[in-house]
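Protein chains in written order, with this note's numbering: chain A, 1 to 278; chain B, 279 to 549; chain C, 550 to 826.
Simulated from the structure, these hints should not be mistaken for laboratory data.
Quick partial rundown of chain C residues pointing at chain A, CB under 8 Å, derived from the structure:
hint	residue
1	558
2	625
3	646
4	653
5	655
6	661
7	751
8	799
9	812
10	813
Cβ-to-Cβ under 10 Å is the rule here; a few derived chain C residues that face chain B:
hint	residue
11	705
12	708
13	710
14	713
15	717
16	719
On a predicted model such as this, the values are computed, not experimentally measured, just so you know. Just so it is clear, CB atoms sit at the ideal spot from N, CA and C, and this is done for glycine as well.
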Amino acid sequence: MSMNERNAKILTTMLALPALLPPAACLSYILFKGIPVLDWAMLIGSSQAIAFGSISTLWPQITGSILLMLGACALAAPVALGGALFYALAANIRQRQTLLGMMHLLVGIPPIVYGLCGLIVLVHVLHWGISLLTGMVILAVIILPMLLMNSVNAFDRIPGGKTEAARALGLSNGQLIRRVWLPVAWPALMTGLLLGMARALSETAPILFTATVFSGVVWPDSLFSPVTSLQTHIFYLAQEGANAEAVDIAWASAVILVILVTALSFGASALRKIRMDG
Amino acid sequence: MNTKKNKITTVPAELPQQVAANDAGDTSLHVSKLSLALDGKNILRDISFSLPAQGMNILIGPSGAGKSTLLRCLNLLHSDWHGELRIMGHDARCWPEGEDELRRSIGLIAQKPALFPCSIQQNIVFGLSRKECSYMPQIRIEKVLKQAALWDEVKNRLHDHAATLSVGQQQRLCIARALMLSPKMLLLDEPTASLDPRSKQFIETSLLELAQNMPVLCVTHDIEQAKRLGGQVIFMCDGHLIESGDSKLFFKYPNRIESREFLRWSVCDCS
Amino acid sequence: MRASALISLIVVMLMLWFLVQQSWPYWQHYGLGSFVSGDWYPYESLFGLAAAIIGSFWAALIALAIAIPTGLAAAVMSSEILSGPWRNLIRGSMELLAGIPSVVYGLLGLWLLLPFLQSSLHLLTGHNLLAAGLLLSVMILPTIMVMAQDALSEVSASQRDAAASLGMGWSARLWRILLPQAWPGIRSGILLALGRALGETMAVMLVVGSMDRIPEPFYNLLSPAQTLTSRIGREIGESAFGSMHFSALMACGLLLALVTIAISLLAHMHTDSARAT
Numbered sequence: 001m002s003m004n005e006r007n008a009k010i011l012t013t014m015l016a017l018p019a020l021l022p023p024a025a026c027l028s029y030i031l032f033k034g035i036p037v038l039d040w041a042m043l044i045g046s047s048q049a050i051a052f053g054s055i056s057t058l059w060p061q062i063t064g065s066i067l068l069m070l071g072a073c074a075l076a077a078p079v080a081l082g083g084a085l086f087y088a089l090a091a092n093i094r095q096r097q098t099l100l101g102m103m104h105l106l107v108g109i110p111p112i113v114y115g116l117c118g119l120i121v122l123v124h125v126l127h128w129g130i131s132l133l134t135g136m137v138i139l140a141v142i143i144l145p146m147l148l149m150n151s152v153n154a155f156d157r158i159p160g161g162k163t164e165a166a167r168a169l170g171l172s173n174g175q176l177i178r179r180v181w182l183p184v185a186w187p188a189l190m191t192g193l194l195l196g197m198a199r200a201l202s203e204t205a206p207i208l209f210t211a212t213v214f215s216g217v218v219w220p221d222s223l224f225s226p227v228t229s230l231q232t233h234i235f236y237l238a239q240e241g242a243n244a245e246a247v248d249i250a251w252a253s254a255v256i257l258v259i260l261v262t263a264l265s266f267g268a269s270a271l272r273k274i275r276m277d278g
Numbered sequence: 279m280n281t282k283k284n285k286i287t288t289v290p291a292e293l294p295q296q297v298a299a300n301d302a303g304d305t306s307l308h309v310s311k312l313s314l315a316l317d318g319k320n321i322l323r324d325i326s327f328s329l330p331a332q333g334m335n336i337l338i339g340p341s342g343a344g345k346s347t348l349l350r351c352l353n354l355l356h357s358d359w360h361g362e363l364r365i366m367g368h369d370a371r372c373w374p375e376g377e378d379e380l381r382r383s384i385g386l387i388a389q390k391p392a393l394f395p396c397s398i399q400q401n402i403v404f405g406l407s408r409k410e411c412s413y414m415p416q417i418r419i420e421k422v423l424k425q426a427a428l429w430d431e432v433k434n435r436l437h438d439h440a441a442t443l444s445v446g447q448q449q450r451l452c453i454a455r456a457l458m459l460s461p462k463m464l465l466l467d468e469p470t471a472s473l474d475p476r477s478k479q480f481i482e483t484s485l486l487e488l489a490q491n492m493p494v495l496c497v498t499h500d501i502e503q504a505k506r507l508g509g510q511v512i513f514m515c516d517g518h519l520i521e522s523g524d525s526k527l528f529f530k531y532p533n534r535i536e537s538r539e540f541l542r543w544s545v546c547d548c549s
Numbered sequence: 550m551r552a553s554a555l556i557s558l559i560v561v562m563l564m565l566w567f568l569v570q571q572s573w574p575y576w577q578h579y580g581l582g583s584f585v586s587g588d589w590y591p592y593e594s595l596f597g598l599a600a601a602i603i604g605s606f607w608a609a610l611i612a613l614a615i616a617i618p619t620g621l622a623a624a625v626m627s628s629e630i631l632s633g634p635w636r637n638l639i640r641g642s643m644e645l646l647a648g649i650p651s652v653v654y655g656l657l658g659l660w661l662l663l664p665f666l667q668s669s670l671h672l673l674t675g676h677n678l679l680a681a682g683l684l685l686s687v688m689i690l691p692t693i694m695v696m697a698q699d700a701l702s703e704v705s706a707s708q709r710d711a712a713a714s715l716g717m718g719w720s721a722r723l724w725r726i727l728l729p730q731a732w733p734g735i736r737s738g739i740l741l742a743l744g745r746a747l748g749e750t751m752a753v754m755l756v757v758g759s760m761d762r763i764p765e766p767f768y769n770l771l772s773p774a775q776t777l778t779s780r781i782g783r784e785i786g787e788s789a790f791g792s793m794h795f796s797a798l799m800a801c802g803l804l805l806a807l808v809t810i811a812i813s814l815l816a817h818m819h820t821d822s823a824r825a826t
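Isolated chain A, as found in the complex (with noise of 0.2 Å):
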């Protein structure tokens, strides 16, 4: 290795370290500070802390986020999975670059974008109100084109020869799908789905003034009726300056957001690993 190597790669290296330090950095700061506060009362709460509507109690934001999470993958996945059948199966090449292409628009678009026009039509317009349902529809909205993106790469990815054998038995499209194509792309699609629940999770700004209230909810009455959610609660707990309590519960619901995406990616990494050709 030459001098003028070495020094390419030296400072290669220090112009990356601020790239390296900042995840374990971020990451150790927010259990730091989240861990000490976090116990179990807080995480189940006693009924009659959720009755009065106290912050030391995070259950309902848990059930409220993943209320909405579930919700929103309910929604979206069919879609998604239809669509990306459609792009397989039906699709011809000027199909395909539309759907992609409508696909990457939509990923580009700001979640908050999504949220605004969330607000004229389902709470305005369809007079949803801020709700649940509401929520959940935009949340869909927003992790569509991943979602659908991510199953058209998992169709992709099934080698060409399996159809072709499929079809040379007489395969109808139905029974293709569902004898061949499923088994071999469950890994991927569910990877995908994975994904999706993890960015539902994590998505604040478009559900902050569509679907969620600050406190008071415990298990929503019905899909149009507003909810408490981690993201949310800890915007609002972040800006309590005054109250040092409220910003130590806004770390806690931190370390559980940020517990339960890691484990959503982890999940999904872990089946990445499962080969297609199985």
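Model the placement of chains B and C on the given structure of chain A, informed by the hints.
Frame of chain A; chains B and C shown alone:
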């Protein structure tokens, strides 16, 4: 590694004397006891041979014998081998101007042409430094293209994108690109493996011409091609160097059982 | 199946249409002059966009200025210098970084970065564009790094070998082979990161200070400011549906949508047509 060294020695008996004679002056490349293990697998074991100052040399052997890997070792693209490699009398590991300079003086042409995504002319001068480029060596470009038997086909389209050439032309462009650096020797890894007969012939002719001025080491597993090119033959099998010698003798009277096997099967292939 | 493909098309169209429709009163009333004016006083019916546009611009610029060199260097380091487990470690930590929700970044910014900036730069308040930019740079770093690393690793081994056997050293290979050939991917990564930086809301909202005025002088990054996203996030709850204030906020949203759509069109212009065939 050390335990393996005394296990098998496959250097032909006459080689040590040859080496001694070559040390006197006209060896351009001398390899002795070169071994390489990748991921715990021995790819090359105790390879020893030398190349004279000019002439054609054929490295032949079945697929997986380690021929391509050996070429990459000679160029220090693999550098974690054991043994000795002397080029122009210098130890290749401590090449005076560093290993990049060493690679400049050895032209290596890969099996599949690897052109850079720019024009034909830019590809030819790619290896030159900016200073060398500023002389705009139009005459040299013409010369190397002629040496690579490509000039007539590209003289009017030097500024076209390199990808517009056919694969055979691309391979000759790779040779021209290597020649632009005035290498002291040329190593080729199955340069005609994926080419049609016509391009094959072009390349063989230009290689034979080049071999008059510098040593050319050409890997092939095509026996007919090896016979056409002639010169010294080095036969490798399973990481060992089995036999080396003059090509006419080798193809007529192979000494070793492995060589005979290889030649016999290849004859069957052809018929 | 065709229906679900159509749904996505319709969604884009509908979104844009509603944004235009809702912001129409604003455009009609204020016209293009709104881009020049920096005054935003909802109670006095002054809705100038300049302050927020400049704020968004600065925050994104700072973020890119930090994230591009470090992200590229990290990508080069991880794909060209390190090997095996170290590479996976860096990649994994980048994915972790990308997974942290933006509101958590906001929390970190508010209670870790702001006090630090305040004390080290002796400011009255740490809320400023610099803080927003710094926070954004950490948030967009994974996008740039991961896309650049993918692009670098897609440069074929034969190209690397060919360059090496022409005697090109490590840095020459990097500058003349790897970076040029990986450039389309790197460029897409940078553009996507820019889009993300412009559209990021929660983290910016918490640290930027939400002060509606053009920085004085315009390169003063150390005073509280406002971005398009933080303005929407702060005020949308207070504005009544159908009012001019609401309409002006929708105009901010429309602007944001158009800019980010243009950016993602640029980012994917070349890749899509190659892919679908």
